[in-house]
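In the order they appear, the protein sequences are chains F and Y. In terms of numbering that gives the first Met the number 0, the first sequence opens at residue 0 and continues consecutively. In terms of numbering that gives the first Met the number 0, the second sequence opens at residue 0 and continues consecutively.
Hints are not guaranteed to be accurate.
Distance condition first, Cα-Cα at most 30 Å in a straight line; then the derived DSSO-like pairs of lysine-lysine [to be verified]:
1. 131/Y / 396/F
2. 131/Y / 95/F
3. 9/Y / 84/F
4. 16/Y / 84/F
What the hints contain is simulated information worked out from the structure, not anything from laboratory work.
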Amino acid sequence: MLDFTPPSSVERVALRINPCKTCQPVGAMYAALGVHGCMPLSHGSQGCASYHRTVLSRHFKEPAIAVSSSFTEGASVFGGGSNIKTGVKNVFDIYKPDIIAVHTTCLSETIGDDVRSFIQEMTVPDGKHVVHANTPSYVGSHVTGYYNMMCGFINYLSASTGQSNGRVAVFPGWMNPGDLRELRSLLESLSLDFVMFPDQSGVMDSPLLGHYDMYPDGGTTIPEIVSLGDCRTALGLGDVISTEPCRALERKCKVPHRVLPYPIGVENTDDFVMEAASLSGIGSIPPCVERERGQLIDIMVDSHQNYAGKTAAVFGDPDTVLGLMSFVLELGMTPIYSVTGTPSEKFEAEAEKLLKKHGAEGCRAKSNADLFELHQWIKRERVDVLIGTTYGKQIAKAEDIPFVRAGFPVLDRYVHSYMPIVGYKGAMRLVEMIANALMEYRDRTCADEDLEIVM
Amino acid sequence: MTGTETILGKYDPKVYKNRKDHMVAIDHDGSEKQISANTRAIPGIMTHRGCCYAGCKGVVLGPLKDTLVITHGPIGCGFYSWGTRRNKARGPEGSWTQYCFSTDMQEADIVFGGDKKLKAAIAEAMATFEKKPKSIMICSTCPIGLIGDDIHAVASQIENEYGIPCMAFSCEGYKGVSQSGGHHIANNQLMRRVIGADVSSPAPSRISVNLLGEYNIGGDGWETERILRKCGIEVVSVFTGDGSYENIAKSHTATLNLVQCHRSINYIAEMMKARYGIDWLKVNFIGLGPTADSLRKIARYFGDPSLAERVEQVVAEETAAIADDISHFRSILEGKTAAIYSGGSRSHHYQKLLEELGVKTVMAGYEFAHRDDYEGRKVIPTIKDDADSKNIGSIEVEADKDRYLDFLGDERRAELNAGGVVPEDYAGMMPDMDGGLIVDDLNEAEAETIIRTLRPDMFFSGIKDKYIIEKHGVYSRQIHSYDYSGPYAGYAGAYNFGRDLAMGMTIPAWRLITPKWRTGSVLEGSVSDGGKG
Chain F
0 MLDFTPPSSV ERVALRINPC KTCQPVGAMY AALGVHGCMP LSHGSQGCAS
50 YHRTVLSRHF KEPAIAVSSS FTEGASVFGG GSNIKTGVKN VFDIYKPDII
100 AVHTTCLSET IGDDVRSFIQ EMTVPDGKHV VHANTPSYVG SHVTGYYNMM
150 CGFINYLSAS TGQSNGRVAV FPGWMNPGDL RELRSLLESL SLDFVMFPDQ
200 SGVMDSPLLG HYDMYPDGGT TIPEIVSLGD CRTALGLGDV ISTEPCRALE
250 RKCKVPHRVL PYPIGVENTD DFVMEAASLS GIGSIPPCVE RERGQLIDIM
300 VDSHQNYAGK TAAVFGDPDT VLGLMSFVLE LGMTPIYSVT GTPSEKFEAE
350 AEKLLKKHGA EGCRAKSNAD LFELHQWIKR ERVDVLIGTT YGKQIAKAED
400 IPFVRAGFPV LDRYVHSYMP IVGYKGAMRL VEMIANALME YRDRTCADED
450 LEIVM
Chain Y
0 MTGTETILGK YDPKVYKNRK DHMVAIDHDG SEKQISANTR AIPGIMTHRG
50 CCYAGCKGVV LGPLKDTLVI THGPIGCGFY SWGTRRNKAR GPEGSWTQYC
100 FSTDMQEADI VFGGDKKLKA AIAEAMATFE KKPKSIMICS TCPIGLIGDD
150 IHAVASQIEN EYGIPCMAFS CEGYKGVSQS GGHHIANNQL MRRVIGADVS
200 SPAPSRISVN LLGEYNIGGD GWETERILRK CGIEVVSVFT GDGSYENIAK
250 SHTATLNLVQ CHRSINYIAE MMKARYGIDW LKVNFIGLGP TADSLRKIAR
300 YFGDPSLAER VEQVVAEETA AIADDISHFR SILEGKTAAI YSGGSRSHHY
350 QKLLEELGVK TVMAGYEFAH RDDYEGRKVI PTIKDDADSK NIGSIEVEAD
400 KDRYLDFLGD ERRAELNAGG VVPEDYAGMM PDMDGGLIVD DLNEAEAETI
450 IRTLRPDMFF SGIKDKYIIE KHGVYSRQIH SYDYSGPYAG YAGAYNFGRD
500 LAMGMTIPAW RLITPKWRTG SVLEGSVSDG GKG
C-alpha cells in the first residue's frame, strides 16, 4: 500500500498529493441539506452535483438530494443565466421544495456569473425562496463552502424586527446527525431556548418506513432562519467554521456572538455547558449532565493504561482536529502530528496554544497540508494511533497503525454518523474507539502466551 | 404506452416534450423503436449523470496502474475520483492508482494562468518519487479550458525534459452532455499516443486478444482473464482495468479485440480496426449463457478446433461447478422482477444473468448511452452530430501499411457472418428485451414513479438513488460498485451475484419494516396476550 511514498520530503508548493480537504460546493450542499424543505442547486457542470451527492451519500448512507444547472460548453461561453432560470423553474415544478439554495462552482465563478442578478430576474412562486452563496472551488475548502452557504441563508433571510425573541442562535458547525442530536439533548438539559442552524438531523439520518419523503422531518425551517435576526445572541461552535456566520448575523441584525471550540473532549464540553447554562440562566448544572461527565472521567481513569503515554496523529477539518487534539491530550496522549488540508492560520495558532497549555513537546500542527506529507512524517517517526477520515486507512494499512475513524468523510463504515463524538457521551465513544483500536492491535500482534483474557 | 404516460404526467409541456422521446415501451409489434439519447440533460432535473472529466479520468484513465494521472484544477475533482471506483489494480511493485495528484488551483492561478503551476507540480512529483511512472497523463477540469491553459504544450515540455511519455486530456467537465464525451476524449488520445507505441515487443501467440471496456470493478477483469487463459487465449492488454501504459502500448500486436463495455471504448475498437485491421467482437461475460456464447464466438473467430474443444471443456467444467448453487439461488429469486439503471452497458449485460436466476427485467435504462447502445450499430449512420458531440471531435485514423493485417480474409469473414459471428457489430439492448420499459437518462422523479407503479422487487442503480429506493422498501444493489462485492463477471461472478441477491432479498430486516403496533392496535393488547403480536 502506498509503496512509492518515500520517507524523505521534497518541498512542494504546486503539487497536492492525497488531499485532506475537498472543494467548497460540497460544504454548501451539506449546509443546505440542514434546512427543512430545501433543494440545493449546484450552478455549474452536472458532474459537480454528481460528485457531491455521491460523497455525501457514501458518508451518511442516505439520499443526498441536489440538482444542477447542467452547464454545457455553450453556457460556459455565454453564461449560465438561462440554465439557472430554467433549472429553478423545473425544480419548483417537479420537486416542490420550499426553498432552493444555489451555490456556485469553479466553472460559474471563473466565467463571472452574477447569480444575485439572475435570482432577482427570476419568477419565484409565492411563498417560496431562492438564496445563493458564492463558493468558488479554488478558494479555501469544503469548510469554507459550508460557512459561505450559511452566510448566504442569513444574508437573504434573517431579519431583525427590533424585538428580541429571547432565543439563542446555535451554529453547530459541520457535524453528523448523531452529534447534532447530542448537542440538542445537552442544550435541552440546560433549559436553553435556542434555534439550531443548520441542522441535518432528521434529514441525513431518516428512518426506513417503506416510503420516501424528499423533505423529511428535520432541518432548520425558514421561519427559524428568519428569526435568527431576533435572537438575543449567537453561539458559534468551531472557530474556523462558525466565526463568519456569526459575523454575518451580527452585521445584518446586530446579534452579538460568542464562538467556542467544538465541544469535543472534557474541557471543551465543560465550556460549552457553562456557556449554555449561563445563557439559559439555569443557575446550576443539572445532575444528569454532571453525572454523565463523572462517568466519562471514571472511564478515563479506568481505561487509561491502554492509551496514556501513546502518540497520535490527528487529521481532518480544522475545528474537528482541534477538538480531537484537545481530547487526546486530556487522555494523556501526545498528538505529535495534527494536520488539516484547509488553509487556516487560526488552526495553526490554536493548535500551538493547545499544545503549550498541555506542555506537549515535539509536536507539529500544520494547515494547508496533505495526507502524503503526513504519511512521510509517520514514516520518519511512527505514531501509535491514527485518527481521522477514511483516507487514513491507506496509511494505517501501509504502516500497520491502529486507526480510528472520525470526521468527514467516513466512507467505509456504517452507523458512525448516528453516533456522537461531541459532548460527554461523544467523548465516551471516542475513548471506546481509541482504546479498542489499540487493544485490538495488541491482541492481534502479541504472542499467544501474552494474550490477555481480562484487560 | 400507459407506462410512459404515468411517468411523464408530472411534467410541464416543455419538459414533457423532451423526456417523452427518452422512453420506449418494448412491445415487439414489429415496428422499429427509436429512442432519444446522448442529448443534454434538462437543468434542474435530478439527473444521475456526471461530467466529461468523470468519464475521462474517472473511468478510462484512472485505472492505469503504471501511470501518474494528475488532475489540473481546483482540488475537488481529483479528490472525488480518488480510490472511489473500485477499479482494482495490483502490480509487483505497487500502483499509482492509490494516489491522488492535483494542482489544487487557487484563485491567483485562475487569474494569472495555471500552466506554470502544472509544470512545477509535475517537476515536484518527479523530484519526490524515486519510482518513476511509465507515463504521465494530465486531465483538466472546468476552469482550465476557460482560462486557456495550454496543457498540451506543458505535456510536451515535460516529455522532453524527463523522457517519460506525457499526454494531456482536455476533458473539462462542461464538454459534451455526460461522462460519454470524456470516454471519447480518452479514447482519442490513447489511440494517438499509446496504442502501438511499443514497437519492439515480440508478437504474442496467434490466439491473442485485448479486452476492451473492462475496468476490473470488483475484480471482473481478473475473472474474465482467468477464463480466457484457461481456454488458452492470451490476453495482451486490458482497457483499462488493472491496465497499464506498458501493455496498452503493445495492444496492436493482439489478433482480436473483445469489447465488453461498448459505450466507453467502441471508438478505440473502430480505430484499431482502421489502423491495424484488428477485428472486434462484442462479448458479454456477465451470466453463464453469455459467457459461454462469448467464448464460443471467440473460438469460431479463430477457427481453431483445439481451441473450440478447450472452450467446451471449460464451459462444461465451470458451469457444472456452480450449477447447484445457481439453482438454489434461482429457487429463492424465481418470479421476481428487476429494474436496472446503469451507465452505458450493464443494463443490457445483466438481463441474461437475471433471467438465469429467474428474475425478469421490467425497466432498463442508461445514464450516458447513445442510440446505438439501445438500438444497435445499424442506426449509427442516421445519428446526426449535434453541437455537443461536435465539440468532442473524432479523429481520423489511417491504415498502418506495415502493421495492417486482415486476419480473417474475405472468405472466412463471409463464412463467419453467415454463421452469425459478425465482427464489428453490436445489436444493442432492445432486441434482447422481452417487453418492459426503456428509459434513457432516468432521473430521480421518474425512478420514484417507476418504483410506485411497476413495483420491481429489486432496483439496480448507483449510490445517488440507492438509498431513495431502499426508503421505499425496495431492495437496491449498486450496479456500478456492486456494493463492494464482486466479481460479478464470469462464473465466479454469476455465483457471487446470485448469492448476493438471494441474501439481499431475504434478510429479516425487510419483514421488520412495519412495527407490530401498526398492524394491531396497541390498546387492544393486554399483558396476557402480548406475546402473540
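Cross-check of the supplied hints:
Using a Cα cut-off of 30 Å, the hinted pair residue 131/Y and residue 396/F holds, with the two alpha carbons roughly 23 Å apart. Simply put, residue 131/Y and residue 95/F have alpha-carbon atoms about 53 Å apart, too far for the 30 Å limit, and the pair is violated. As the CA atoms of residue 9/Y and residue 84/F are separated by approximately 19 Å, the hinted pair is consistent with the 30 Å bound. Of the supplied pair hints, the one linking residue 16/Y and residue 84/F holds, its CA atoms being roughly 19 Å apart against a limit of 30 Å.
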